[in-house]
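Whole structure, please, built from the sequences with the hints as guidance.
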Amino acid sequence: MSLYWRIFGLNAVVLGTATALLLLAPVTVSVPVLLTEAVVLVGGLGVMLVANAALLRIGLAPLVRLTRLMTTVDLLRPGQRLSVRGHGEVAELITTFNAMLERLEGERAASSARALLAQETERRRIAQELHDEVGQSMTAILLGLKRAADEAPEPLRGELQQAQEITRASLDEVRRLVRRLRPGVLDDLGLVSALTSLATEFATHTGLRVLRRFDSDLPALDHETELVLYRVVQEGLTNVARHAGATRAEVGLRRAGDTVVLAVTDDGRGLGAAAEGAGIRGMRERALFVGASLDIVPVPPGGTEIRLTVPVPRKQP
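Counting the sequence shown from 1 gives a position; my numbering is that position plus 4.
You may find that some hints are simply not true.
To be verified - Listed next, with one range per pair, are the computed distances between beta-carbon atoms:
| id | residue 1 | residue 2 | range |
| --- | --- | --- | --- |
| 1 | Arg129 | Val77 | 32 to 38 Å |
| 2 | Ala95 | Met52 | 24 to 30 Å |
| 3 | Pro305 | Arg151 | 55 to 61 Å |
| 4 | Thr208 | Arg258 | 56 to 62 Å |
| 5 | Leu181 | Ala224 | 26 to 32 Å |
| 6 | Arg258 | Ala95 | 41 to 47 Å |
| 7 | Ala167 | Ile130 | 25 to 31 Å |
| 8 | Thr251 | Ala65 | 45 to 51 Å |
In short, the hints are calculated from the structure, not lab data. A virtual CB, placed ideally from N, CA and C, is assigned to each residue, including glycine.
And the structure:
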């Protein structure tokens, strides 16, 4: 039955019931209307309006749920669907919306994958240029300054040695940027070693205490999944340093059935009611790339946990 006929039928039932009561009940209306008759008529009208409103609310409830989901749906949080009950125009509308939402989530995941792959390619290119061009040029400058300092008299030697230290510090910063852009240790030594190196470097530069808890029976993951895990830890620790006001952070990696769970926890002030920034949105896009789910939950008495649940790829027979 279409929505039009459903609403028409509900109103017809209410009005028909009222008409039947007036025809069959031994009640007449005086002229002028008596107070008791007016009370009965007003009460009957109130009952009809309440019944009509209740029936319409029940009939239009699926549309209210659909409107609420349409205003709150987020393609970075996949899986939000409405249940379909019965048949008719409303059920067909909800089914169409669910299908559209599934299609949009698939297109968003595909576009995010293309963007992330392009981003990683550009990161590798920039890291290679920094290493090959800027790094080698600064190394040559450092060697030239050393030779000049060895042959220069005082006080020029001291100034050249100071320039050496500045150049060496700048070269170390360039190397650190190269490691952030392209984690070579991830390709060479694997995920656990890369996360260990990342946590150690983070603790050195920020002064925060970073704990590591990695299971020994972690399954083998493909390169894209390992890169997503690495980038999520990288962004999570960066958020801890910038916004959390924490004194301690923990990076955990464990196996849970057919999934691998990554957790970045801190003891800071927590997110509160703050809106998600670009960093968290970027982590959600990376989670979509490998079919993972990202949850950000408070940790009592204070702090935040970023939890990434990644499905373990099945072994091919």
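Hints and how they fare:
1. Between Arg129 and Val77 the CB atoms are about 36 Å apart, so this pair conforms to the stated range of 32 to 38 Å.
2. The hinted window of 24 to 30 Å between Ala95 and Met52 holds, with their beta carbons roughly 28 Å apart.
3. The beta-carbon spacing between Pro305 and Arg151, approximately 59 Å, falls within the hinted interval of 55 to 61 Å.
4. Between Thr208 and Arg258 the Cβ separation comes to about 25 Å, which falls outside the hinted range of 56 to 62 Å.
5. At about 30 Å, the CB distance of Leu181 to Ala224 agrees with the hint of 26 to 32 Å.
6. Roughly 42 Å separates the CB atoms of Arg258 and Ala95, a value that falls within the hinted 41 to 47 Å.
7. Hint check: Ala167 to Ile130, Cβ distance near 26 Å, so the stated range 25 to 31 Å holds.
8. In this structure the supplied range 45 to 51 Å holds for Thr251 paired with Ala65, their Cβ-Cβ distance being about 49 Å.
In the structure shown, a violation is registered for the earlier hint numbered 4 alone.
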